[in-house]
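Student: Mind docking chain R on chain X? Use the hints.
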Amino acid sequence: MNKKIKFAQGNEVCAEAALYAGLDFFAGYPITPSTEIAEHLSIMLPRKGGKFIQMEDEISSMCAIIGASLTGHKVMTATSGPGFSLKQEALGYAIMAEIPCVVVNVQRGGPSTGIPTHGSQGDINQARWGVHGDHSIIALTASNHQDVFLMTVEAFNLAETYRTPVILLLDEGVAHLRERFIVPEKGEIPLLTRLKTSVKEGVDYHPYLPREDGRLPMSDFGGTHRYNVTGLYHDMWGFPTTKPTIVHRLIHHLVHKIEHNVDRIARFKEYYMEDAECILISYGFSARAALHLVKNRRARGERLGLLELQTLWPFPSHVVREKCVDARYVVVVEMNMGQVLQSVKLSVEQPEKVFLANRIDGVAITPTNIKNILQVIRGKGV
Amino acid sequence: MKKCRIVFSGSGGQGVITAAIILAEAAVLYENLNAVQSQDYGAAARGGSSRADVIISDSEIIYPKVIEPNVLVCLTQEAYNKFYPIIRPGGLLITDTRFVKIQRKADAHQVELPMYRTVMDDIGKPIVFNICMLGALIALTELVRPESIMKVLEIRIPSGFLKMNRKALNLGIGLGKQFAG
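Protein sequence lines, in the order shown, are assigned to chains X and R.
For the first sequence, the residue numbers in the working numbering are 26 to 407.
For the second sequence, the residue numbers in the working numbering are 9 to 189.
These are computed hints drawn from the structure, not numbers from a lab.
Take the hints with a grain of salt, since some may be wrong.
[Stated by the list, open to error] The calculated lysine-lysine pairs, modelled on DSS-like cross-linking and capped at a C-alpha distance of 30 Å, are:
1. X:Lys268 x X:Lys282
2. R:Lys10 x X:Lys28
3. X:Lys29 x R:Lys171
4. X:Lys31 x R:Lys175
5. R:Lys175 x R:Lys159
6. X:Lys320 x R:Lys171
7. X:Lys320 x R:Lys159
8. R:Lys159 x X:Lys28
9. X:Lys211 x X:Lys294
10. R:Lys90 x X:Lys396
11. R:Lys175 x R:Lys133
12. X:Lys28 x R:Lys175
13. X:Lys294 x R:Lys10
14. X:Lys294 x X:Lys221
15. R:Lys159 x X:Lys73
16. R:Lys10 x R:Lys113
17. X:Lys29 x R:Lys10
18. R:Lys159 x X:Lys211
19. R:Lys10 x R:Lys159
20. R:Lys10 x X:Lys31
21. X:Lys28 x R:Lys11
22. R:Lys159 x R:Lys90
23. R:Lys171 x X:Lys31
This one's a predicted model, so the numbers in the text were calculated from it and none came from an experiment.
Only chain R is shown next, with the shape it has when bound in the complex:
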């Protein structure tokens, strides 16, 4: 596989860093790939802007930060405005319709998905918004299998929340598949 560089961006509390960790961990532990995850954060955790970088590859990853992402996920308008210019030409830009209004045409495959609305309509809890986003991302990119994400979740979260997370992941996969290929 080619090296895939992903930037997740949003605001503190949306779970973008957690989503990045789950994806990278799934790649390393259950897909036998190499992955690195790093994050940029300020002193404020909730409400401040947050960014997480992931690189996934089948070969060694030396420099771990992402400079030009192939895949950029923006979950707030602020994040979109800030990071939209760094996307690699021809890359994939995923935004949420509730939070982001796309303003410019990018040299990228722009996918606007109603992830937040779908999670609120079908589950009613914003806490799994990030898992829905991950579902859409893996449906669009096929970076890791859904089962690998679930295996990570089984270790990382209390069993009582697994069902809700699985549902969110599947909702995301459903949304992503409409645009895949």
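If we strip away everything but chain X, and leave its shape as in the complex, we get:
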């Protein structure tokens, strides 16, 4: 038996990948369908010298990882829709205070407690806009276990690089699926850690004074330097301010540090795109149904292609625009009422050629569902 080949649930793969990325603090509150992430880490994290803590709820879990991250740890929490809603306030705090952290949301049907044991992709826009106030966010997703591993590690790398929360938007279909994956060798996926300040003890350290490249070197809270952290607009010392120039500059910084790097953050995969006249755009579990269909129809000579998005936020508009230029139809395949559809329509030159192929009844979308909708779009009936 090759020890690198494993057979596991998507949630376990996510937990393993977090450990690979250097996770050493996890706080969470169990909720279906994300529970196995916490369960796996409750066993594995202490063995690796890290800390696992089950908090009293989702809000405190989010706050706990924020505190731990400030003290220099790589941190994560995991939840599902109802818990993700509760985390929004603290998530905004982490955005404002620029605290690296990874928040996994294994999506289930919503709103409210919705349909706990069935899948959905209904939280895409919540990930972007759930927090009040102007801000930006990074959100990644994946459709198979090899990519769940990679995207989890990427989530940590991006959080540490941009000093921001990164949302990992898995869905029940992938999270509860068991499949084969190969554990990458140590060093196979590069690991990034936050920039640390070189300011010595006794010398003034400005925690919120960006370098020329926009990055903020950190100092482990409680360590060498004393500084303030707040959810209020703050100056370079971290102290609250209402000074218009500082408020203006900070909001620009928070948005642009991510939006100006959309090229660097965009992760996607392409299948049969070269001559595709009909392009499917999908992600997560839905992308598997879409790819199955594309491969089947290609074998019959139909010019179908698939653009699988792995970065959902910041939305890779330039990629979508370029790839879809020559397509006759663009069909967004997702398990919601058209959340990525909106972003795609905003990205392409001819929004009238963009259609939705979806399923929203808690049942996983099938290749046949998509095929039938394509037939309708082409005016050929079912």
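Tutor: Chain R in isolation, oriented as in the chain X frame:
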């Protein structure tokens, strides 16, 4: 090998999901095959209906759910009534004589096996009913070798229970072989 799509169905507590995981894990770890396993479940674990899907193949598996199974296992009447119509024409339908009364003729190879009765007569513990079922399944389909199932069990269950599981697996293989070929 051709892609084999299997649906295990029964009620919560019978171990159909566990059996599905063991089979798929054996295929991946000890047969160098590809396999996926997924499940459909409600809020109630014990007594509610449960279904697990497995696909085994020597090539890549993209869409992981089973729509038309080549092999359908039904361990309760409710499961049989619900899933009987989805079997692929010419497929294999395995039911347990104690729990399921076959009502219709299907375009399938229907195999009714006294798995539960055999386990209770020879072992006396219903907990290994699912392993006996797996034994019958692999005897009928030759999807994986019995040793591969045992290797998974050696990792997954306490050593004190291995003997009982091995016996259940062999009982199932014996039952399946009567109908194989």
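Student: Has the given pair, R:Lys159 with X:Lys211, been kept, meaning a C-alpha gap of at most 30 Å?
Tutor: With a Cα-Cα distance of about 27 Å, the restraint between R:Lys159 and X:Lys211 holds, given a limit of 30 Å.
Student: Between X:Lys31 and R:Lys175, is the straight-line Cα distance small enough, at 30 Å or below?
Tutor: holds (27 Å)
Student: For the pair supplied as a hint, R:Lys10 and X:Lys31, is the alpha-carbon distance within the 30 Å limit?
Tutor: holds (23 Å)
Student: With the threshold set at 30 Å, check whether the alpha-carbon distance from X:Lys28 to R:Lys175 stays at or below it.
Tutor: Judged against 30 Å, a Cα distance of about 28 Å means the pair holds.
Student: If you draw a straight line from the CA of R:Lys10 to the CA of R:Lys113, is it 30 Å or shorter?
Tutor: holds (26 Å)
Student: What's the verdict on R:Lys159 and X:Lys73, does the C-alpha distance respect the 30 Å limit or exceed it?
Tutor: Holds, because 27 Å separates the two Cα atoms, which is no more than 30 Å.
Student: Quick one, are X:Lys294 and R:Lys10 close enough, alpha carbons at most 30 Å?
Tutor: It holds: about 28 Å lies between the C-alpha atoms, which stays within 30 Å.
Student: Given the hinted pair R:Lys10 and R:Lys159, is their Cα-Cα distance within 30 Å?
Tutor: holds (24 Å)
Student: Measure nothing beyond the straight line between the CA atoms of X:Lys294 and X:Lys221; if it is 30 Å or shorter, mark the hint as holding.
Tutor: violated (33 Å)
Student: Hey, X:Lys29 versus R:Lys171, does the alpha-carbon distance stay inside 30 Å?
Tutor: holds (29 Å)
Student: For the pair supplied as a hint, R:Lys175 and R:Lys159, is the alpha-carbon distance within the 30 Å limit?
Tutor: Holds - the C-alpha atoms of R:Lys159 and R:Lys175 are around 14 Å apart, at most 30 Å.
Student: Please verify whether X:Lys320 and R:Lys171 have alpha carbons no more than 30 Å apart.
Tutor: violated (46 Å)
When held up to the earlier numbered hints, the structure conflicts with 6, 7, 14, 22 and fits the remainder.
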